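One-letter residues, chain by chain:
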Amino acid sequence: MDLTAPSLTVDGAAARSAGRIGWYPAAVGVVIVAVLLGVMIGPAGPASWRVPLAVLDHLPLISIDSGVTAAEWNIIWEVRMPRVVLAGIVGSMLSLAGASYQGVFRNPLVDPYLLGAAAGAGLGATIVFTVARSSTADWPVDPAPAMAFVFALGTVALTYVVGAAFGGTKSGVTLVLAGVAMVSLTTAIQTFLLQRHSEVVREVYSWILGRLSSASWADVRMVSPYVIGSSIVLLLHRRHLDLLRIGDDEAAALGAPVARVRLVVVTAATLGTAAVVAVSGLIGFVGIVVPHMVRLIAGSSYRQLLPLTIAFGAAFLILADIPGRVLTDPAETPIGVVTALLGAPFFIVLLRTRQVAR
Amino acid sequence: MVPPIEAEELFMRIKALVGIVAGLSLLATACGDDDTTGDAADTGDAADETVGSATTATSPDIGATTPATELVGAATTEPATGPVPARIISLSPTATEMLFAIGAGDQVIAVDNFSNFPPEAAAKMTELSGYEPNVEAIAGYEPDLVATDGTNPALLEQLDSLGIPHWEGAVAITLDDTYAQIEQLGAATGHVAEAAELVANMQADIAEVIAGIPAIDEPLTYYHELDSSYFSATSDTFIGFVYSQLGLRNIADQVETSAGPYPQLNAEFIISADPDLIFLACTKYCGETAESVAGRDGWGELSAVTTGGVVEMDDDIASRWGPRVVDYLQQASEAVNLVVATQPAG
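As given, the protein sequences belong to chains A and B, one line each in that order. With our numbering, letter number 47 in the first sequence gets 47, and the count goes up by one each step, no holes. Just add 1000 to wherever you are in the second sequence, counting from 1, and you've got our numbering.
Because the hints were derived from the structure by calculation, they are not lab data. A quick note: this is a predicted structure, and the numbers were derived from the prediction, not measured. Just so you know, even glycine gets a beta-carbon here, dropped at the ideal spot from N, CA and C. Among the clues, some could well be false.
Unchecked claim - From chain B, some residues computed to sit far from chain A (all C-beta separations above 10 Å):
id : residue
1  : 1132
2  : 1163
3  : 1221
4  : 1246
5  : 1256
6  : 1259
7  : 1267
8  : 1271
9  : 1273
10 : 1296
11 : 1301
12 : 1307
13 : 1315
Unchecked claim - One-sided excerpt, in silico: chain A residues whose CB lies under 10 Å from chain B:
id : residue
14 : 44
15 : 57
16 : 60
17 : 82
18 : 129
19 : 209
20 : 213
21 : 215
22 : 218
23 : 325
24 : 332
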């Protein structure tokens, strides 16, 4: 089976039948439903049906007796809401970055962590925890997300330099291979550091494996500028990504600046990915599953795919986070586990559907 | 033009491997994140109850109900008549604290890379690791006793094959386990009387701390925070047992047992449970403070925050089961007294 020709087969019919605009209202609706469910369901706080009333009550000019106490509102607004918002931001950024990476590398199996963003972020955070934790304890700003961000960008930059040195940026293959090498390298360094400092292994891994559970508004504020900037750049390049689908040479023949597009898209996607990894840890599968989900239902033209992945990515992660909160209430189930549990069967179904379509 | 499948496969495989490593490491921390530290170098006077019998390594536990601990190597290879070990290596920070507290510190020639207490032990710190032990490096010291926490069966087999005696002090569940391990080490190192004295003093000190807790109708609740992502410990752990001695009720006990003794709690749950006390057990390594807890979104109004019930504990003592547990109980009891004093009468 030709894994390297993303979705060309499932492209047409669905997209045409739904029309050009058809999926956008549905996407908005899905996001609204996901957000509502996200803020209504949780292990503590008021009865679920009171939550929307309480939210309305807190809007300006509206006053409703929701029966929600101040303490309960505290839980909804300070704990649950930032978690839902952050999940939405992270989900949409990872999905968008995943779709863009898939386009730029013409490979349906890549995810936003391909070139080392996740491994680099993990190494950055690990360095803080193992080497500089006590000396930075008094800092007003937690250095771990900052270091994760810097190392994520640094690792991808190195990947790019290595890839460009050996294959030129025209070839996606060399970049992917360079990514494999950089991921191995950073992971090895991280493992070495952890092995030397096993007293912080738990802290590091719970940091890396998902921090939506301790999401705060500060996280939302920190990550938003990068995500917004990255998303705008990626959306502006969606037509170029469509050209790239037919091949580098063909796209170049049609006037697309292939190398530059690849560099800009990878940079923007990496910036956004690094930012969300820094605040939320590694959340797998979203970046692969959501773009494919959207391709299946709405076709694979990037013009439509990218905006839709933003919406469906947000909804997916918000919904995936709900079982994490209530499955083992009052304990947490890591979101990475939930996304993979949902993602792996989905992958299988996806492959089967494609075979049938063929 | 198209990326070769090999590259993807390789990449996926590496990712899978990384995932496995991550999972294993988590597992490893879950089962063995304890080390040892022991200070409490105090000895009252010879309280010898059952101690005498402990002199022989062949009768490992004396009056202690500890299935968790056994005197493996020493018992099998060094019966009562053998010489007292003079070249001890401790790969368990808890065992290190115990050894120095019973006066066996001079017999210790090297300790593992986490044995940071007492200072005399830290001076003997080496690159040896209890987690990733290098048996060649251990054998290079020509030890006549190796103390471990028993979490690495492969190491024990290797030590056996080299004929190096070893002693295991597994992660304790109750204070009796701690007492038993101290007495076993006393027996194994020729410090029976000091070990008995240490145990008696610990028992007396702990009884005094417990007696100082005011009687209250409703037990205080607490949350033991292992890190800032809200991992906690239930009462099925040693640290949970320690708190139960103070009559405290653990909010983490509401988690079903399938989540294990170290569950990750949900922030909404912690806030709505509104514990009277919050014990921070990641102050050194994570930098958590009472101020940082008060500054978290939604935490500012918690009872523990407003009444001074957020207590910064020592990470090391909280994860070990050595003699310094007395100090830990003392600090925790002061917090209990403080919080009780702020509660309205009745």
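Hints, verified against the model:
1. 1132: violated, 6 Å
2. 1163: Nearest chain A Cβ is 28 Å from residue 1163 of chain B, so the label holds.
3. 1221: Residue 1221 of chain B is indeed farther than 10 Å from all Cβ atoms of chain A, at 13 Å.
4. 1246: Correct as stated: the minimum Cβ-Cβ distance to chain A is 23 Å, above 10 Å.
5. 1256: violated, 7 Å
6. 1259: Given that some Cβ of chain A is not farther than 10 Å from that of residue 1259 of chain B, nearest at about 4 Å, it is violated.
7. 1267: violated, 5 Å
8. 1271: Violated, because the least Cβ-Cβ distance between residue 1271 of chain B and chain A comes to about 6 Å, which does not exceed 10 Å.
9. 1273: violated, 8 Å
10. 1296: violated, 7 Å
11. 1301: violated, 7 Å
12. 1307: Given that every Cβ of chain A is farther than 10 Å from that of residue 1307 of chain B, nearest at about 16 Å, it holds.
13. 1315: violated, 8 Å
14. 44: holds, 3 Å
15. 57: violated, 18 Å
16. 60: With a closest approach of 21 Å, the residue 60 of chain A hint is violated.
17. 82: It holds, given that the least Cβ distance between residue 82 of chain A and chain B is near 6 Å, below 10 Å.
18. 129: holds, 7 Å
19. 209: Holds, about 7 Å.
20. 213: holds, 6 Å
21. 215: Residue 215 of chain A check passes; min Cβ-Cβ to chain B is 8 Å, inside 10 Å.
22. 218: holds, 8 Å
23. 325: holds, 6 Å
24. 332: holds, 4 Å
In this structure, the earlier hints numbered 1, 5, 6, 7, 8, 9, 10, 11, 13, 15, 16 are contradicted, and the remaining ones agree with it.
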